[in-house]
Amino acid sequence: MTTPATPSDNPLLPPWASLAPVEYAYPYEETHDLRSGPDLHPHLLGLLPYVGVWRGRGQGGYPTLEGEDFHFAQELRISHDGRPFLFYESRAWIIDEEAKPIRPAGREIGWWRPVVVNDRITDEVEALMSSPTGIMEMYLGKTKGTTQLELVTDLVVRTSTAKEVTAGHRLFGIVEGALLYAHDMAAEGLPLTPHLSARLLRVAG
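The sequence shown stops at residue 376 when you use the numbering used here, and every number in between is there.
None of these hints come from the bench; they were simulated from the model. Treat the hints with care, since some could be wrong.
Below 25 Å or equal to it, Euclidean Cα-Cα: the simulated DMTMM-like pairs (lysine to aspartate or glutamate) are [to be verified]: (1) Lys315 - Asp210; (2) Lys315 - Glu335; (3) Lys271 - Glu260; (4) Lys313 - Glu237; (5) Lys334 - Glu347; (6) Lys315 - Asp240; (7) Lys313 - Glu279; (8) Lys271 - Glu246; (9) Lys334 - Glu295; (10) Lys334 - Asp204; (11) Lys315 - Glu260; (12) Lys313 - Asp210; (13) Lys334 - Glu260; (14) Lys315 - Asp294; (15) Lys334 - Glu279; (16) Lys313 - Glu347; (17) Lys313 - Asp252; (18) Lys315 - Asp325; (19) Lys334 - Asp294; (20) Lys334 - Glu239; (21) Lys313 - Glu260; (22) Lys313 - Asp290; (23) Lys334 - Asp210; (24) Lys313 - Glu297.
Computed spacing ranges between beta-carbons, pair by pair [stated by the list, open to error]: (25) Arg291 - Asp240: 38 to 46 Å; (26) Gln230 - Arg291: 16 to 24 Å; (27) Leu342 - Asp240: 17 to 25 Å; (28) Ile280 - Leu183: 16 to 24 Å; (29) Ile273 - Lys334: 17 to 25 Å; (30) Val287 - Met307: 22 to 30 Å; (31) Val346 - Val323: 28 to 36 Å; (32) Leu183 - Lys334: 41 to 49 Å; (33) Glu246 - Arg206: 15 to 23 Å; (34) Ile280 - Gln319: 17 to 25 Å.
Heads up, the beta-carbon is just placed ideally off N, CA and C, and yes, glycines get one too.
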């Protein structure tokens with residue numbers, strides 16, 4: 172009788188194949204609620220007001236888009252897992268004048284990282300933003316106090332099938348408890364031009 176080969180006897184398997192399998196879910200908590208989960212990393216104190224789940228409506232448009240400006244709803248989640256960066260996730264959908272959904276719109280994920288020099292927190296922020304349309308933007312920016320963040324693209328990377336986006340400028344602000352932002356974009360041969368703006372209210376966190 173032939174003895175079945177064990178994983179360690181199979182030259183096609185990696186040497187760690189015989190170790191104990193991982194049979195549990197990711198064990199570390201990520202939270203958008205500062206009252207629960209891991210403590211916020213001290214380097215993120217300047218971005219603390221942005222942590223949470225935000226929802227609201229906005230307006231968008233661009234000269235190269237067909238038709239008039241459009242209205243959209245948006246849900247934005249900014250969270251952390253105790254390390255010195257924030258996770259950013261945005262989902263938007265087109266709505267009519269009565270706020271009824273029409274179709275899905277933009278999605279985006281990214282990370283915000285405060286710049287630390289010699290273990291001292293600066294007012295500078297690095298941000299990476301990526302979308303399923305084949306575009307990834309690297310932003311550099313600064314905070315003004317804890318209620319304003321301005322970001323400007325340092326680099327835009329796109330796939331061969333993505334639209335020609337060459338630059339971006341984003342301004343975020345906390346105004347009377349709401350999160351407001353304006354997003355300018357340079358694309359299709361045009362300079363930086365207003366593209367999106369919204370007012371989002373905190374719904375969690």
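Each hint tested on the structure:
1. Lys315 - Asp210: holds, 23 Å
2. Lys315 - Glu335: Distance of about 31 Å is beyond 25 Å: violated.
3. Lys271 - Glu260: Answer holds: Lys271 to Glu260 is near 22 Å, not above 25 Å.
4. Lys313 - Glu237: violated, 34 Å
5. Lys334 - Glu347: Given that 25 Å is the threshold and the Cα spacing comes to 36 Å, the pair is violated.
6. Lys315 - Asp240: violated, 31 Å
7. Lys313 - Glu279: holds, 21 Å
8. Lys271 - Glu246: holds, 15 Å
9. Lys334 - Glu295: Given that 25 Å is the threshold and the Cα spacing comes to 29 Å, the pair is violated.
10. Lys334 - Asp204: violated, 36 Å
11. Lys315 - Glu260: holds, 23 Å
12. Lys313 - Asp210: holds, 24 Å
13. Lys334 - Glu260: Within the cut-off at roughly 21 Å; holds.
14. Lys315 - Asp294: Judged against 25 Å, a Cα distance of about 7 Å means the pair holds.
15. Lys334 - Glu279: Holds. Lys334 to Glu279 sits at ~16 Å (cutoff 25 Å).
16. Lys313 - Glu347: Holds, at roughly 21 Å.
17. Lys313 - Asp252: holds, 22 Å
18. Lys315 - Asp325: holds, 19 Å
19. Lys334 - Asp294: At roughly 32 Å apart (the allowed maximum being 25 Å), Asp294 and Lys334 break the hint.
20. Lys334 - Glu239: Given pair Lys334, Glu239 holds - Cα atoms ~20 Å apart, limit 25 Å.
21. Lys313 - Glu260: The given pair, whose Cα atoms are some 20 Å apart, holds under the 25 Å limit.
22. Lys313 - Asp290: holds, 18 Å
23. Lys334 - Asp210: At roughly 40 Å apart (the allowed maximum being 25 Å), Asp210 and Lys334 break the hint.
24. Lys313 - Glu297: holds, 9 Å
25. Arg291 - Asp240: 38 to 46 Å: The hinted range 38 to 46 Å holds for Arg291 and Asp240, with Cβ atoms some 44 Å apart.
26. Gln230 - Arg291: 16 to 24 Å: violated, 40 Å
27. Leu342 - Asp240: 17 to 25 Å: holds, 19 Å
28. Ile280 - Leu183: 16 to 24 Å: Violated, at about 35 Å.
29. Ile273 - Lys334: 17 to 25 Å: The hinted range 17 to 25 Å holds for Ile273 and Lys334, with Cβ atoms some 21 Å apart.
30. Val287 - Met307: 22 to 30 Å: At 23 Å between Cβs, range holds.
31. Val346 - Val323: 28 to 36 Å: violated, 21 Å
32. Leu183 - Lys334: 41 to 49 Å: Taking Cβ atoms as reference, Leu183 and Lys334 lie about 43 Å apart, which means the hint holds.
33. Glu246 - Arg206: 15 to 23 Å: Given a distance of about 20 Å, which is inside 15 to 23 Å, the answer is holds.
34. Ile280 - Gln319: 17 to 25 Å: The hint (17 to 25 Å, Cβ to Cβ) holds, given that Ile280 and Gln319 are roughly 23 Å apart.
Violated hints for the displayed structure, listed by number in ascending order: 2, 4, 5, 6, 9, 10, 19, 23, 26, 28 and 31.
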